[in-house]
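J.: These are the residues of each chain, in order.
4 protein chains.
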Amino acid sequence: MNEKEIIEKLEKGKLGLRSIDKHLSPKDAADVRRKFVEKKTGVSLENTSNYSFDVDTATKKNIENMVGATHVPLGVAGPLVIDGDFAKGEFYIPLATTEGALVASVSRGCRAITNAGGAKVFAENKGMTRAPVFKVSGIEEGRKLVQWVEKNFSRIKNVAESTTRFGELKKIHPWICGKNVYLRFVFDTKDAMGMNMAVVACDKVVVELIEKETKVKCIALSGNMCVDKKPSFMNYVKGRGKRVHAEAVLKRNIIEKILKTTPEDLVEVNYRKSMVGSAMAGSLGFNAHFANMVAALYIATGQDPAHVVGGSMGMTTVELEGKDLYISVYMPNVNIGTVGGGTGLATQKEALEMLGVYGAGNTPGDNAMKLAEIVGATVLAGELSVLGALATGDLAKAHVMLGRGK
Amino acid sequence: MNEKEIIEKLEKGKLGLRSIDKHLSPKDAADVRRKFVEKKTGVSLENTSNYSFDVDTATKKNIENMVGATHVPLGVAGPLVIDGDFAKGEFYIPLATTEGALVASVSRGCRAITNAGGAKVFAENKGMTRAPVFKVSGIEEGRKLVQWVEKNFSRIKNVAESTTRFGELKKIHPWICGKNVYLRFVFDTKDAMGMNMAVVACDKVVVELIEKETKVKCIALSGNMCVDKKPSFMNYVKGRGKRVHAEAVLKRNIIEKILKTTPEDLVEVNYRKSMVGSAMAGSLGFNAHFANMVAALYIATGQDPAHVVGGSMGMTTVELEGKDLYISVYMPNVNIGTVGGGTGLATQKEALEMLGVYGAGNTPGDNAMKLAEIVGATVLAGELSVLGALATGDLAKAHVMLGRGK
Amino acid sequence: MNEKEIIEKLEKGKLGLRSIDKHLSPKDAADVRRKFVEKKTGVSLENTSNYSFDVDTATKKNIENMVGATHVPLGVAGPLVIDGDFAKGEFYIPLATTEGALVASVSRGCRAITNAGGAKVFAENKGMTRAPVFKVSGIEEGRKLVQWVEKNFSRIKNVAESTTRFGELKKIHPWICGKNVYLRFVFDTKDAMGMNMAVVACDKVVVELIEKETKVKCIALSGNMCVDKKPSFMNYVKGRGKRVHAEAVLKRNIIEKILKTTPEDLVEVNYRKSMVGSAMAGSLGFNAHFANMVAALYIATGQDPAHVVGGSMGMTTVELEGKDLYISVYMPNVNIGTVGGGTGLATQKEALEMLGVYGAGNTPGDNAMKLAEIVGATVLAGELSVLGALATGDLAKAHVMLGRGK
Amino acid sequence: MNEKEIIEKLEKGKLGLRSIDKHLSPKDAADVRRKFVEKKTGVSLENTSNYSFDVDTATKKNIENMVGATHVPLGVAGPLVIDGDFAKGEFYIPLATTEGALVASVSRGCRAITNAGGAKVFAENKGMTRAPVFKVSGIEEGRKLVQWVEKNFSRIKNVAESTTRFGELKKIHPWICGKNVYLRFVFDTKDAMGMNMAVVACDKVVVELIEKETKVKCIALSGNMCVDKKPSFMNYVKGRGKRVHAEAVLKRNIIEKILKTTPEDLVEVNYRKSMVGSAMAGSLGFNAHFANMVAALYIATGQDPAHVVGGSMGMTTVELEGKDLYISVYMPNVNIGTVGGGTGLATQKEALEMLGVYGAGNTPGDNAMKLAEIVGATVLAGELSVLGALATGDLAKAHVMLGRGK
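Chains as they are written, first to last, in my numbering: chain S, 1 to 406; chain U, 1 to 406; chain Y, 1 to 406; chain A, 1 to 406.
Hints may be right or wrong, so weigh each one.
Identical copies go unnamed one by one, so any copy, or any two together, can satisfy a pair.
Claimed, not checked - Straight-line Cα separation of at most 27 Å, DSSO-like style, residue types lysine-lysine; simulated pairs:
1) Lys-171 - Lys-144
2) Lys-14 - Lys-217
3) Lys-323 - Lys-217
4) Lys-323 - Lys-35
5) Lys-22 - Lys-260
Since the hints were derived computationally from the structure, they do not count as laboratory data. Quantities reported herein were computed from a predicted structural model and do not represent experimental measurements.
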């Protein structure tokens, strides 16, 4: 079929948007699909047709029914000095955003922190999780299933790890509730964010081992105690992916000069807003705006942007350190990777390279740990700056001046 | 200064990344900045240098320290038949994602729903909120402040609305806690997502009216009872932005043919996963993966991707309807707009036009309501399809086949 | 039947424990039942047979299958000076508890607060709630039901209020989720805790008005959005029963003399424990031990002790007031009454009389408001004292000395 | 001093209520104190003066400033057949309550379950917890403290266990957040509820080991990640005390005959109320009324009634089992003991003896496990019965008939 025939069939509903792939090269399929959509909707997608990634790879790994690309403006904040276990030195932070003032604000935070000697940071590797749900006849069979799993952990581990080159199964947390048993598998997925690794490994364990030997049926490979892409106290309390800690101590004069405020005012803003305010609101985010930095950095570096949900949880503490300022961020659920997902796309890869974390680390897992530390330091910078803007009453001004809303 | 001189000054730290803007056109500034970063990091940003949006506008409204753009692959799902108050007919849904299988999965859901006659949907306009925190001397002054606000609501409303052409202040919810008073302002922001409108209006009310007349000090324009970009039961219970409802009834044979499963199995998967599993996990997301569809649609249409946090909250219900299937989604916190933010960027605008919702509605607010309905219907399609994949045990297969993880 | 015959029948399972009531006076029934249980279990219930309440009334209103009474030791804390809208002056607080050190600790708090001039306190009457759940065909019918309710509010109000002498229906908050509609009725129940009033009123509205006219079926008179006796962010955010505020300012020397610590240390303990610690734990109780005081006061005064759940939620703030100390408590969900429930039992009545709040207020509702204020002030005293014990490292000592654990 | 002199001094404020203990026997002190309060308040406390517990012991272990006792009516539900690991056979359940209809309702549930062959039940011994909070200089010192604790666990264990005859330290979970480190100690406290044991053991570990060797300061022996007597997702997710599971399968005809409803209706009520309703309300109680049974059983058996808070959390599932009914309860946070606390008081002891669980078990810990199982089975009975009343629309009727409110 030629292009015209395909479009005709699409219009008559004799061909679905996906089916084009069978007849055309990925690039041509994208073009034809776009033309069809343009025709159907009467809208030109000219700008969308412009993209710099490799279409063959992208259509295999990242996108179906592709018609082009969305361009998200990319800015750079920094330099930001980071003192982590893996990230050491000066970094320029790529931030993809459409939200005016964000990059400027993070930049200001970077400036203050870098002037103060940098951000101290480390991450705990809590592991990627997947929790299938099984249906048992009742609590007694549930208990037996859990005992079986505990007894057969090393066999389960072998089967799970047979599906992956690098991944390791670390443990399995069980919960029984009536006829439901949830097994939360925890994996060290090294430099990958690891959701796929976890899915594939769990699938094999469930189908080839647990269901076969225990005769208990798995109802869903994900039983929502994972918990993936939904805010949850489970992940908040136990951590998921990386649990990241970052902090800085800033001399009083840096606060005054760069943030135009005082340590005392920053302490008060954070206390009444991030602590009392969030507590009153029943929030899992005891912070000012983690999600902004997380979203911009995740999109820039090819992370799954739905993981902004987990990245929005956590706490900012601000305290006096003598006459100076202490600030920290705590992020219990940072799901990131430097291989797989969108990390290989052209622009995303460039952003990861800017940070020196593209691909697998020399020791597997090191690059992901380094990226997690960069996330923590960046979020710290963003928190500091916005708390400053709130303390000086400049939030509205920033919104107006940097074009948002006006 | 010429380019070379600027880069030299940047390297010596005599110029910040932002300062370039004073010396060069936006386009040239972006180029110089990019070259500087390339030099500092030793990484080519060639692909990042390619973008199709108008750099003058973008650097005024959307981005600072711009160096280029991130390209996120864009796919299309559909057609999806929607029966809303505002969205009526057949839609092609633009989804910007790097997560393989997502567009394919949503497409499958669209096919099933469209075959079943479409998604019924409506949205409640709950309003955009901003909640400044004030420091009072104690609960007695707190009570007086609240009484003052109640008594002076119409004056407050006038001042607030003087800052905006379209926005309306609907109400103010107060909370007192010790020395803290939180006033949660609720605005109808029409076609704008409205955060800026709310910030600017609140700022004026706070500075020119409340602080002046009551002598009570505002500590922060946002006191986190708003709650912006953080998961919270406040927004979950009271709603924020739009509260969206979508549903479909699907005949048994559609479930069998398109999703390869049965209504009974879908009911069981959703019950044990989205209901019991989420409840066991302390989650605010009683759903399968709202955040995936929300993120892809938000990025494609220029929404603030940090609002994926709010969009991830809510519930999917699946029930038998005789021998057939009933499915619904409930989304209490959908923050979207069709004007402002990233909506005017070239590719984002094209996506909005595809949906017929670019810019302000004929009646202000109608386009945003229509987009909210489209969000609801798209999320419904995504939920249906993934629940189906879980029911048939095909989640891992989809992950492998569509290139994620392998 | 005589006693012996009844016990024989009970033993043969020919009579249930409840059925005795038909054959004997309440007192005799209790005696026979107790003897039967003694025989069955081989345990003497001699102490249990001792009670001072009126058995005829109690078996009608408070208890079925009565066998006697549990004696909970009653202590008194105070005097506590309270400055509320309703509670004014010096109070002795009755506390029924088996937990050594509690009364002593609250007493110490009372002493400090009274020395400092007393506790400032007020309560907001948020209303008792009941939320039936209705099953609709889908979101469209759900929307219509909600509209019908809004339109017919005054009729609903009339029917509701026809079932009660004092109660008033204030408003109805609706939520739609798929096939479910929840209507949260809010009542002013005056001096009664009000759960029964709310149940009876809702029942009549549901059966005689809503179901009849809309043909929509009520699935359960309580759909758990009430939310009764379960911790919930719904009640935490919106309040239920009374929302109580209490505070005190204590001079530095009072803190030093009575609590043996400093304002600075108290601020730090509360910040790291009640704020950061509770936030880290995903708690709805940003306090030290509200539940202890609430339980002791509720049991002493005949409140429903299951409402300790709601009373455990809320926040304690501790701040410096110059060189002195500011402390407040915020309790969003205090469900209490001075009529009905266990308030009329002999010992409980005496406790209410001690506080001057037995029975209906001169203006209906005043006594319940006064009792709510007393709850707030008492909780404030208990919080202050335990924070002090933590600050001085004396928690363990108190436990040991006052006999708990040894 | 004689009685008269003491009362005079009390009136003049020259003596506090506690100080009487130094001058009089416990019994006389209680009498004098009561007389003083009677005089001050003008209220007779005659009924309160009647109590059957041993005043010498009670004033040492359970109460200070004692004036008498509160009498809570005690009823009995049952027989309830329980099939647990520890509780086996037929039980009569003592319930101390002032809430009319509760005992009757639980009795009905017992009858249905016993007719169906009994409740299957088991408990997981999750352990009592206490979590001191330490202040460190920052995250690096925090990390070192955690490492020190891990390395020195066996020394810590030795010190902790030196304070108790039976208790065992099982593990320590650490969290770091900025300058705060929380160490959640988990103890097996055998037959004791264990809060005191945990406090005393932690105190010694903190003071004599951690502070001494690491030079890190403990800010509060309880840092609220314990979490004691406050609803929390921490305990909900990880469990505290006992995690209890109970279930029953009831034939259709039992449901019809005893509960006057059908399995289908019970499933629907529980789904729309306990699952969807609680989820909509942001509740940690996906159940009908756990707290009612927990409160009544806790008060009857001398448990700490503030632990009703933890006992109110958890889930009830109701499902069809063919044509019959499956019902289960899941209680993650049951804090109970059979030694210590109020268990030794006269009436409370009798209640424990009725259940065959007074004092330490033959194997330490067995009695507490048995009591936990009884709690689970009783709660199951109460849930079943109230869901039945909701299904038949009889909730209001029960309230009216059994005297509550009317």
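J.: Indicate, hint by hint, whether the structure satisfies it.
T.: Status of the hints after comparison with the structure:
Both within a single protomer and between protomers do Lys-171 and Lys-144 lie at most 27 Å apart by alpha-carbon distance, with minima of 18 Å and 24 Å respectively. In the homo-oligomer, the alpha carbons of Lys-14 and Lys-217 never lie at most 27 Å apart, since the shortest distance is 39 Å inside one protomer and 44 Å across protomers. With identical chains, the CA atoms of Lys-323 and Lys-217 are at most 27 Å apart between copies only, with a shortest distance of 21 Å across copies and 61 Å within one. Taking the shortest Cα distances, Lys-323 and Lys-35 never come within 27 Å of each other, neither inside one copy (64 Å) nor across copies (40 Å).
Taking the closest pair of Cα atoms, Lys-22 and Lys-260 come within 27 Å of each other only across two copies (22 Å); inside a single copy the shortest separation is 61 Å, beyond that limit.
The structure does not agree with the numbered hints 2 and 4 stated previously, though it agrees with the rest.
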